[in-house]
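Using the sequences plus the hints, can you model the full thing?
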Amino acid sequence: MEEREVIETACSRFDNDSRRMLDILWDIQNTLGWISPATMRTIAKCTDTYRVEVEGVVTFYAFFMSQPQGEFVIHLCEDIIDRHAGMLAVLKSFEESLNIKAGETTKDGLFSLHLTSCIGMSDQAPAALLNNTVITHLTVNKAKILIRTLKKTRNLANVVKTLGDGNNHHDLIKSMVNNNIQLRGEVLLADINANAGLNKAFSLLPEEVIVTVQASNFLGRGGAGYSSAKKWLLAAATEADKRFVICNADEGEPGTFKDRVLLTERADLLFEGMTIVAYAIGSQHGILYLRAEYRYLLPYLEEILKKRRYEGLLGTDILVDETENTRFSFDIRIQLGAGAYICGEETSLINSCEGKRGEPKNKPPFPAESGYLGYPTVVNNVETFCNMPRILDKGAEWFTSIGTAESNGTKLLSVSGDCTRPGIYELPMGVTLNEVLTLTGAKDPEAIQIGGASGVMVGRSDFERKLCFEDLPTAGAIMIFSNQRNILEIADYYMHFFIEESCGYCTPCRVGNVFLKQGLEKIMQGQGETSDLKYLQDLGKTIIQTSRCGLGHSSPNPILSTMKNFPLVYAALLKEHPDGRQAGFNIQHALDESRIIAKRRSIVYDPDIGGD
Amino acid sequence: MTKKITFTIDGKTIDSKSGQSIMDACEAQGIYIPRLCDSKGLVPQGSCRVCSVKVNGRVVAACTQPVEDGANIEHETNEIQGYRKDLVRMLFHEGNHLCPICEASGRCELQAMAYRFGISQATTYPYLQPVRPVDASHPDIALDNNRCILCGRCIRASRDVDGKNVFEYIGRGIHKRIGVNGDCLADTNAELSDYAMSHEVCPVGCIIRKGEGFFAPVGERQYDMDKIGSSIESPGNPSSDKLIKVHQIDPGCFNKDMP
Numbered sequence: 001m002e003e004r005e006v007i008e009t010a011c012s013r014f015d016n017d018s019r020r021m022l023d024i025l026w027d028i029q030n031t032l033g034w035i036s037p038a039t040m041r042t043i044a045k046c047t048d049t050y051r052v053e054v055e056g057v058v059t060f061y062a063f064f065m066s067q068p069q070g071e072f073v074i075h076l077c078e079d080i081i082d083r084h085a086g087m088l089a090v091l092k093s094f095e096e097s098l099n100i101k102a103g104e105t106t107k108d109g110l111f112s113l114h115l116t117s118c119i120g121m122s123d124q125a126p127a128a129l130l131n132n133t134v135i136t137h138l139t140v141n142k143a144k145i146l147i148r149t150l151k152k153t154r155n156l157a158n159v160v161k162t163l164g165d166g167n168n169h170h171d172l173i174k175s176m177v178n179n180n181i182q183l184r185g186e187v188l189l190a191d192i193n194a195n196a197g198l199n200k201a202f203s204l205l206p207e208e209v210i211v212t213v214q215a216s217n218f219l220g221r222g223g224a225g226y227s228s229a230k231k232w233l234l235a236a237a238t239e240a241d242k243r244f245v246i247c248n249a250d251e252g253e254p255g256t257f258k259d260r261v262l263l264t265e266r267a268d269l270l271f272e273g274m275t276i277v278a279y280a281i282g283s284q285h286g287i288l289y290l291r292a293e294y295r296y297l298l299p300y301l302e303e304i305l306k307k308r309r310y311e312g313l314l315g316t317d318i319l320v321d322e323t324e325n326t327r328f329s330f331d332i333r334i335q336l337g338a339g340a341y342i343c344g345e346e347t348s349l350i351n352s353c354e355g356k357r358g359e360p361k362n363k364p365p366f367p368a369e370s371g372y373l374g375y376p377t378v379v380n381n382v383e384t385f386c387n388m389p390r391i392l393d394k395g396a397e398w399f400t401s402i403g404t405a406e407s408n409g410t411k412l413l414s415v416s417g418d419c420t421r422p423g424i425y426e427l428p429m430g431v432t433l434n435e436v437l438t439l440t441g442a443k444d445p446e447a448i449q450i451g452g453a454s455g456v457m458v459g460r461s462d463f464e465r466k467l468c469f470e471d472l473p474t475a476g477a478i479m480i481f482s483n484q485r486n487i488l489e490i491a492d493y494y495m496h497f498f499i500e501e502s503c504g505y506c507t508p509c510r511v512g513n514v515f516l517k518q519g520l521e522k523i524m525q526g527q528g529e530t531s532d533l534k535y536l537q538d539l540g541k542t543i544i545q546t547s548r549c550g551l552g553h554s555s556p557n558p559i560l561s562t563m564k565n566f567p568l569v570y571a572a573l574l575k576e577h578p579d580g581r582q583a584g585f586n587i588q589h590a591l592d593e594s595r596i597i598a599k600r601r602s603i604v605y606d607p608d609i610g611g612d
Numbered sequence: 001m002t003k004k005i006t007f008t009i010d011g012k013t014i015d016s017k018s019g020q021s022i023m024d025a026c027e028a029q030g031i032y033i034p035r036l037c038d039s040k041g042l043v044p045q046g047s048c049r050v051c052s053v054k055v056n057g058r059v060v061a062a063c064t065q066p067v068e069d070g071a072n073i074e075h076e077t078n079e080i081q082g083y084r085k086d087l088v089r090m091l092f093h094e095g096n097h098l099c100p101i102c103e104a105s106g107r108c109e110l111q112a113m114a115y116r117f118g119i120s121q122a123t124t125y126p127y128l129q130p131v132r133p134v135d136a137s138h139p140d141i142a143l144d145n146n147r148c149i150l151c152g153r154c155i156r157a158s159r160d161v162d163g164k165n166v167f168e169y170i171g172r173g174i175h176k177r178i179g180v181n182g183d184c185l186a187d188t189n190a191e192l193s194d195y196a197m198s199h200e201v202c203p204v205g206c207i208i209r210k211g212e213g214f215f216a217p218v219g220e221r222q223y224d225m226d227k228i229g230s231s232i233e234s235p236g237n238p239s240s241d242k243l244i245k246v247h248q249i250d251p252g253c254f255n256k257d258m259p
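If you read the sequences in order, they're chains A and B. Read in the numbering used here, the first sequence has 365 at position 365, and its numbers run on one by one without any break. Read in the numbering used here, the second sequence has 183 at position 183, and its numbers run on one by one without any break.
Derived by calculation from the structure, the hints in this document are not laboratory data. Accuracy of the hints is not assured; some may be wrong.
Facing chain A, from chain B, some residues (calculated, C-beta under 10 Å) [said to hold, decoys possible]:
hint: 1; residue: Gly41
hint: 2; residue: Pro44
hint: 3; residue: Gly46
hint: 4; residue: Val59
It should be emphasised that the depicted structure is a prediction, and the values quoted were computed from it without experimental measurement. Beta carbons: idealized from backbone N, C-alpha and C, even for Gly.
See the structure below:
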């Protein structure tokens, strides 16, 4: 097919609708390999928009390529957990075998190599995406063999030899990813009566469904701990001819991978939950926003949707009440993301579903009043939806009997880092960190990062604290670091993460985080003085207070929480003022630039100059 | 449907009406809230955050936040002014803002904002010193992206006023910048007569109108005469009566009189 034809076909497949821009771009990139300026121009023409708008979308998402790519594109996960598991050596191995650096493509057009933020495989790090295929437990040797095999066979079919556990075996997944379910609790990972919750919901009035969930005291599992039922009430009460239910499966928080396991093992339960919420608020349309990193699950999830349509659980008139003359129809489409952490923020996610740059929208209006395409929209997390059928099936009383006074039910924890049993743990709300450490077989734990990069880093004195909304709230990431790890290196990496993932919309988050990282590096290089601690604190406060969305409200956390909980680590690196001079001044450092510009070295400051 | 409301700002009670932003409600009372990304006639977007105010304990952008009955707004407190100064400094350090050699000096809103806040010398923030190509392809207009503060006023002006979409944001994070609808500006349908290319739109020296350089002598330009915001704070006063002696501020790197 001609390039032009490819583009026109892709656009017409989505009705030349610019609101389906992400799908159009994926369709084209899957065939052409990248999105060239000429392609952007043609897309703009077909969808009646502007080339620069298409460029704006393409350049916003890490997985859309505006440069030609190799036949095999490697996205190596660069998260700190992967780094601790040997990712830098693996990177070096890839770079040597391919003779390119990260971000480049080989001359023969066969390979491209990229670094990427957490891909949700922290319990089997180092991991990478090879086109759509996930490669886990990488080593220097495996990387070498992988490249050698691909060069020889030019075929991805032989890459995955051993399949993972559970549904990872499924014909439509066939992945080496492991679920690593270490502990099954009674709500989500226990044996489940299929569709019992949905049938129960259908026996109630929509408002009674919401009342049941309210009675269970359920709080959203996305991290903020907002009452889901409140969102639904607002959406149900807003006058509209359409309402939308969106599932946020953009699990981008570093160290979190429980949604990946739910999507693999509890897809039916998830769709059942979405249907229950749709029934409760009177919605006809659902969207599952799936992060691009989990694209390997897409064919399987599509199959489950198909099956549910066939079974009459999705589609037109899935509930008809002749006596009341009411009909309920609901269907779900899957929206594939394209590599942007910020899209986990609900208004960014909605923008992304609308085919735009995934930048947050201004609130108010809130999505429950005016969300996707201006319609009332409920956005909930995968884990939240999975809880709904269980609450309906077993009752609010059963649910409130689990957990603490203020946090009911269980929490899925994604555990990774320095422990012998990383993986998924379903534990009642209120479990202490010490209990988690024992269960997971932690090795000399010194620090725990709770809730991913945007969460907090706590030390030993906090290990008796409880994981629940009233003490330490978490969206589920537990990263354990032993006493062998450098706390500041971890904070520094997460600042790098936030700089990479900031959408750049507002000044404090776009610029401030870069300054924060530079300030931390100054201390790490032994150039810091006491006043630098206040500098970091003040700057961090400005970013938190003035940023527009949750990313900026939490991005200084890696530095601020380590400063608070590990003050000695910082103090040990600070310099005293010697004789009134600026402690941070390093003559060698200051000369570096002059050396490069002048292309020569100093007789005084380069003692080895004689040998040069 | 608007209704009468009352709110307080820095302890002062204001009678106002609902259905408008905090910024507009304040402006109607002669209270100027500093802003860079917002400009009369364009849809507010709340991206520069310089208009940050604290409402009932939460910091919000005054240009996009609707005013509510009974709101307690903190505006010129030490805390809020501190944030605003930090944000203005961040913008200075993000781009290359060398006022003494910039054509926009004296009518630059970023420079004027620094004067308003008494920022007159380099701060502790590092300089990012971007090296972005200058687009001088268009016969009448040049773009120096190194001075861009990403306010997006040109995007909205071109889209909503000119109906053209010459500009749009591209990239993300610290690599975000303004892209043009083509290979370069000459490749677009941009014209000098576009509202987007007028002095009202670009608050800094990024969009440069060729052939009009230094249209007014330094020292006689808008913000040489008037403090930014003064037209709101004292609307009756013609600018000549209110000449602000910016020279009295400690001359630092932003001083237009520097040789």
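Structure-based check of each hint:
no.: 1; hint: Gly41; result: violated (18 Å)
no.: 2; hint: Pro44; result: holds (9 Å)
no.: 3; hint: Gly46; result: holds (6 Å)
no.: 4; hint: Val59; result: holds (5 Å)
Going through the hint list in order, the structure does not satisfy hint 1, though it satisfies all others.
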